[in-house]
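Visitor: Here's the letter readout for the chains.
Number of protein chains: 2
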Amino acid sequence: MKLVGIAMLVVSSACLAEEPDSYQPAATNVWGAQYPRVDSNGRAQFRVKAPNATKVVVNFWSVPKLEMTKQPDGFWTVTSAPIVPGFHYYTLLIDGAEVTDLNSHTFFGGGKDASGIEIPEAGSTYYSIQDVPHGQVREIWYNSKVAGSWRRALVYTPPGYDVRTSERFPVLYLQHGGGEDETGWTKQGRANFILDNLIASGNCRPMIIVMAYGYARHAGRPAPDLTGKPFGSPEAMRAMEEMASAFEDDITQVLIPYIDSNFRTIPDRDHRAMAGLSMGGMQTFQVTFNHLDLFSYIGGFSGAAGPLVLGNEKLDAKTAYHGALADPAAFAKKVHLLWLGVGTEEPERMRVGLLRLHTSLLEAGIQHVFYESPGTSHEWQTWRRDLRDFAPRLFQQATQ
Amino acid sequence: MKLVGIAMLVVSSACLAEEPDSYQPAATNVWGAQYPRVDSNGRAQFRVKAPNATKVVVNFWSVPKLEMTKQPDGFWTVTSAPIVPGFHYYTLLIDGAEVTDLNSHTFFGGGKDASGIEIPEAGSTYYSIQDVPHGQVREIWYNSKVAGSWRRALVYTPPGYDVRTSERFPVLYLQHGGGEDETGWTKQGRANFILDNLIASGNCRPMIIVMAYGYARHAGRPAPDLTGKPFGSPEAMRAMEEMASAFEDDITQVLIPYIDSNFRTIPDRDHRAMAGLSMGGMQTFQVTFNHLDLFSYIGGFSGAAGPLVLGNEKLDAKTAYHGALADPAAFAKKVHLLWLGVGTEEPERMRVGLLRLHTSLLEAGIQHVFYESPGTSHEWQTWRRDLRDFAPRLFQQATQ
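Listed in order, the protein sequences are those of chains Z and Y. If you read the first sequence in this note's numbering, its first letter stands for residue 1243, the second for the next number, and so on. If you read the second sequence in this note's numbering, its first letter stands for residue 1243, the second for the next number, and so on.
For the record, the hints were derived by calculation from the structure and aren't laboratory data. Be aware that one or more of the hints could be misleading.
Unchecked claim - Each computed SDA-like pair below joins lysine to any residue, with the alpha-carbon atoms no more than 20 Å apart:
(1) K1312(Z) - E1340(Y)
(2) K1387(Z) - K1297(Y)
(3) K1291(Y) - N1294(Z)
(4) K1387(Z) - Q1372(Y)
(5) K1297(Y) - W1273(Z)
(6) K1556(Y) - P1589(Y)
(7) K1297(Y) - P1293(Z)
(8) K1560(Y) - N1504(Y)
(9) K1312(Z) - G1470(Y)
(10) K1297(Z) - Y1265(Y)
(11) K1471(Y) - W1273(Z)
(12) K1387(Z) - T1469(Y)
(13) K1297(Z) - P1293(Y)
(14) K1471(Z) - G1338(Y)
(15) K1291(Z) - T1469(Y)
(16) K1471(Z) - Y1277(Y)
(17) K1291(Z) - N1301(Y)
(18) K1291(Z) - D1467(Y)
(19) K1312(Z) - N1294(Y)
(20) K1471(Z) - D1315(Y)
(21) K1387(Y) - K1297(Z)
(22) K1291(Z) - G1352(Y)
(23) K1556(Y) - E1605(Y)
(24) K1471(Y) - V1326(Z)
(25) K1312(Y) - G1470(Z)
(26) K1297(Z) - I1371(Y)
(27) K1387(Z) - T1296(Y)
(28) K1297(Y) - K1471(Z)
(29) K1291(Y) - G1470(Z)
(30) K1575(Y) - D1535(Y)
(31) K1291(Y) - T1507(Z)
(32) K1291(Z) - S1370(Y)
(33) K1312(Z) - K1297(Y)
(34) K1387(Z) - S1370(Y)
(35) K1291(Y) - G1353(Z)
(36) K1297(Z) - K1312(Y)
(37) K1312(Y) - G1338(Z)
(38) K1291(Z) - N1294(Y)
Full structure from sequences and hints, please.
Guide: Printed below as a string of structure tokens:
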């Protein structure tokens, strides 16, 4: 297997022996696993048993890959340069086979249960569990007539939901990215802890968050065979576009009515928001702009207008989304918040696309918030910060 | 790596070509993954990309391992003989490295996020999602003064819990096995669907189920380093015994009060049950017999009395558990249900141990239910059947 761009960040094992105490097992590890471990500078050490392998690589997705070195005991080891704080997906490449590191818990991304490593951010407690009242994350199943199948969603209920039983709450629909699923926002994103902390500090209105499964097929349509078609391939992208329409129908025709029937929501557009990251941002624009009768708060995290972002064209505010943006004054009256975010270190294609969308909206006179996460890429640290900035702005104009 | 006991169950690829349509992707697969796939006879086909590997093995834990064959395209393939229905953990051994199959979702077992494959059982719908009212599975976090840390538990609330807000419910504490965690009973065991179906058919009283994390350390005690000490090793077993005492304190002093404060329970011993599988069964015996003031329904699934089961001694009913079993009449009056289960195909050591306990209890005149799951081993199909038999017997003698 050809590997391009492997950073040679290996330090000698002698160096490891000099500072054993500064490293701590990563928070993403399974219990008892001493590796991978991280020091206070964000350097990570990996150790993997593969006694008969001839080549082992730590296959990071958004930070430099690491070629490992075989030790006499059959373990392979490597130490990274400092890694930007946050959650990073990785797999291992062992003699050409892509697999996970059994030392790590798995996190669904790239269409698979992959490994991940959490690099702590000094001083950041907003996404950690704190001694504050906690909400619950509930697994629910609903029977979708659109998809012709049972579908799972996760629902965050704010602290006190079970106690203040006469109170009703606004709802944020919050979507994962392509290749991820409904577990991403809590497992990787820690959305529940972010909201617990924001609510405890009085900076955010208590709300329900619904995290849906972002793929759907209309009932009766066959499943696309994506064998050998990785995320990002033309076949996978086409399948996603086909799925987007089914997802739009499922969320608007089935899931929202289900949530409004089964949770104490305030079931009107003034108290309903939607946001999503990457693919979920594109879905958010599609769903909300096509259904402004249902939503009044809109967020696109590192992904928003789909072809507008990914292609080379500017947004034509007069025609886009059936003219939803054509009248800036009318739009501002109807949409209480339009929020866009991007990390300063995101891949050029995404960063340029988001900046172009931002500029297009400015030129068209469409009020919106544009947030840039300093130093972070197309990864969860960007999206945690997005949620921290976005959530406190929600439901402030609502009448109830 | 030396591999003993690999069953040579490979069939020719010509044979595969004759019946391509009879195989379906396993329900445990990630979306889009066509392999592993299963036919109606329970035969499974695996396909793994490892172009530069020299040996690849499907490393089942409780059914025969399968040595794979390299194909010209760089994929390795194998077809199994019929496999007993149910959920089976596996990993892959690629050139001596133990890893997961990225085609499969992961399931926490053996202290790692491992692969798993579901072999359907013809005619069995009791653990499938059905068109009946569904409960919720809630992730909760509680601050344990015993452990000095935040701990996660999963809580099943029965259908209607959020609607019938004046109603209170009995509680079953349900524990996973050694090497597993609090996710096991719903992900692998499908306990939520089993209860949904039992409740819908009127065969089971609506109840709350609490699934706790079965490991604990008393606050301030250092974590044992289990690097290179696999589950079942003396070091790991010793660490488990040390943890058992902390777990007993955590569940009785922290978790039960938390649940009774935060859920609409009926907070008395007549409406509180505990059961667990394997290690969780041993924990159940320890916790319930030491706290009969808290529990009146007790279940041991493929594991119960700890040393009594694993050792060679019979139960001395006069002295065991501080004399809790010494007076059969008093015991029968106090404990409404003592339930033991074992699969007929479990490893000899476990089966003999459970049968010895059953005999000891019979000889001591201790009333109990003894259930044998036909044809199944120390695996989740046994424990799904256990729960199906056990749950309907709960809270029938309760006064409320």
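Visitor: Honestly, which of those hints from before does the structure not fit?
Guide: As far as the earlier hints go, 2, 5, 8, 10, 12, 14, 21, 24, 26, 27, 28, 31, 32 are violated by this structure, in ascending order.
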